[in-house]
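Participant: 26 is the number that numbering that gives the first Met the number 0 gives to position 27 of the sequence shown; each next residue is one higher, with no gaps.
Calculated directly from the structure, the hints in this document are not laboratory data. Idealized CB from N, CA, C, for every residue including glycine. Please note that the accuracy of each hint is not assured.
Said to hold, decoys possible - The calculated SDA-like cross-link candidates involving lysine to any residue, where the alpha carbons are at most 20 Å apart (straight line), are:
(1) LYS358 to ASP379
(2) LYS214 to ASP231
(3) LYS242 to ASP231
To be verified - Using C-beta positions, here's what the derived DEER-type ranges look like:
(4) ASP200 to ASN107: 16 to 26 Å
(5) GLU261 to ASP200: 46 to 56 Å
(6) GLY373 to SER115: 40 to 50 Å
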Amino acid sequence: MTLSSRFPGFTLLSLFLAAVPLTAPTEEISVTGTADWPADESLRREAQAAVDRGTAWLVSKQNEDGSWSNPEFPALTALAIWALDRGKSHPDAVKKGVDYILSCVHENGAIYREPSEDRKGGGLSNYNTALCMVALHIAGGPEATPVVQKARTFVAASQHLGGDMYEGGMGYDPGSGRAYADLSNSYIAYEAMRMTESVEDLRKDGDRKADLDWKRTEKFVSRVQNLPESNDQPWATDDPNEKGGFAYHPGESKAGTFEDEEGVIRFRSYGSMTYAGLLSFIYADVDRDDVRVRSAFDWATKHWTLDENPGMGDEGLYYFYNVLAKGLAAYGHDRFPGPDGSNINWRQELARKLVNLQKVDPETGNGYWLNETGRWWEMDPVLVTAYSLIALQVALGF
Numbered sequence: 000m001t002l003s004s005r006f007p008g009f010t011l012l013s014l015f016l017a018a019v020p021l022t023a024p025t026e027e028i029s030v031t032g033t034a035d036w037p038a039d040e041s042l043r044r045e046a047q048a049a050v051d052r053g054t055a056w057l058v059s060k061q062n063e064d065g066s067w068s069n070p071e072f073p074a075l076t077a078l079a080i081w082a083l084d085r086g087k088s089h090p091d092a093v094k095k096g097v098d099y100i101l102s103c104v105h106e107n108g109a110i111y112r113e114p115s116e117d118r119k120g121g122g123l124s125n126y127n128t129a130l131c132m133v134a135l136h137i138a139g140g141p142e143a144t145p146v147v148q149k150a151r152t153f154v155a156a157s158q159h160l161g162g163d164m165y166e167g168g169m170g171y172d173p174g175s176g177r178a179y180a181d182l183s184n185s186y187i188a189y190e191a192m193r194m195t196e197s198v199e200d201l202r203k204d205g206d207r208k209a210d211l212d213w214k215r216t217e218k219f220v221s222r223v224q225n226l227p228e229s230n231d232q233p234w235a236t237d238d239p240n241e242k243g244g245f246a247y248h249p250g251e252s253k254a255g256t257f258e259d260e261e262g263v264i265r266f267r268s269y270g271s272m273t274y275a276g277l278l279s280f281i282y283a284d285v286d287r288d289d290v291r292v293r294s295a296f297d298w299a300t301k302h303w304t305l306d307e308n309p310g311m312g313d314e315g316l317y318y319f320y321n322v323l324a325k326g327l328a329a330y331g332h333d334r335f336p337g338p339d340g341s342n343i344n345w346r347q348e349l350a351r352k353l354v355n356l357q358k359v360d361p362e363t364g365n366g367y368w369l370n371e372t373g374r375w376w377e378m379d380p381v382l383v384t385a386y387s388l389i390a391l392q393v394a395l396g397f
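Using the sequences and the accompanying hints, generate a full structural model.
Facilitator: Written out as structure tokens, the structure reads:
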């Protein structure tokens with residue numbers, strides 16, 4: 000059974016894939032439009048204008064070498080390419096960006112830059128490779144196919160398969176030698192592997208195909224969810240305010256902890272990781288009627304807000320908007336009851352929010368986004384603008 004048949008309305012990310020001519024029959028994940036949009040044509044036009052301003056701003060910020068933002072992290076260039084309208088907008092800038100990413104390819108298939116100084120996570124090889132291989136798949140053309148295939152082999156080999164609590168997950172850098180995985184790195188890697196599946200059908204006869212162990216993926220994601228019936232970690236709680244949501248990894252929640260009535264320390268759930276968990280279950284082909292998927296969606300709707308990243312305030316806010324858009328598009332519900340009983344149309348609400356948050360340069364008329372709370376690099380306007388453009392395009396349905 001395919002993802003789209005298992006999840007009616009499974010509509011993730013054709014904004015990246017629609018521009019790519021499929022040269023193999025493998026079905027890939029896509030985003031379609033929504034019937035709700037024609038009812039608010041004015042908002043759609045405003046959102047499209049915000050996309051146009053944002054893409055123009057991004058192009059104006061490209062470095063001479065083709066990269067965006069910090070050249071040490073080619074993932075930032077990959078996100079900018081994704082945001083430039085599926086590779087069809089500003090093709091010269093996209094090509095320069097693709098060439099830069101190709102200059103970061105290593106013999107083992109990884110795509111990253113060696114760090115200029117020692118840091119935890121090293122060159123973030125898994126994170127950079129996952130994002131870059133999708134950018135190449137979208138915009139690199141047929142000549143990038145062998146690079147994407149080798150990148151898939153590298154990412155597949157990076158899945159942590161040790162018999163510990165991180166089993167099935169992904170970390171920043173598999174070369175670090177430590178047992179570690181978190182849901183953010185994991186969902187990005189899972190997404191990259193699903194979005195680039197068709198290149199496996201283009202391998203030469205006899206070449207070994209690369210894929211993840213999706214059953215172990217499912218096991219890891221379950222260990223990050225606040226759902227005691229499916230999570231074997233002692234912190235999982237069925238507290239109504241936390242149940243169904245997600246932490247950061249099986250040993251930590253960025254949203255902190257609380258002590259229950261029995262004195263047990265429990266992890267709090269928060270917004271961005273809950274949508275990442277929802278997406279990860281979908282990528283692992285877990286049925287939408289599964290209690291884990293339903294519970295994740297229930298937590299998300301009960302804590303619906305666009306004024307903050309629930310549980311984290313302004314920290315990671317634009318990452319939250321990005322993964323929220325992809326998660327809800329994948330789940331397939333454009334409308335749902337809000338916590339106050341209102342009828343939420345998430346596509347329109349998210350589009351309106353991002354339009355209102357866009358900053359406009361008075362000299363050029365170009366637009367960008369910025370989070371004044373800088374955790375997780377969100378004071379970088381290139382990163383935040385790429386997140387926002389991707390989210391806005393998903394909300395618009397293209």
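Participant: Take the hints in turn and mark each one as holding or not.
Facilitator: Taking the hints in turn, this is what the structure says about them:
no.: 1; hint: LYS358 to ASP379; result: holds, 14 Å
no.: 2; hint: LYS214 to ASP231; result: holds, 16 Å
no.: 3; hint: LYS242 to ASP231; result: holds, 14 Å
no.: 4; hint: ASP200 to ASN107: 16 to 26 Å; result: holds, 23 Å
no.: 5; hint: GLU261 to ASP200: 46 to 56 Å; result: holds, 53 Å
no.: 6; hint: GLY373 to SER115: 40 to 50 Å; result: violated, 20 Å
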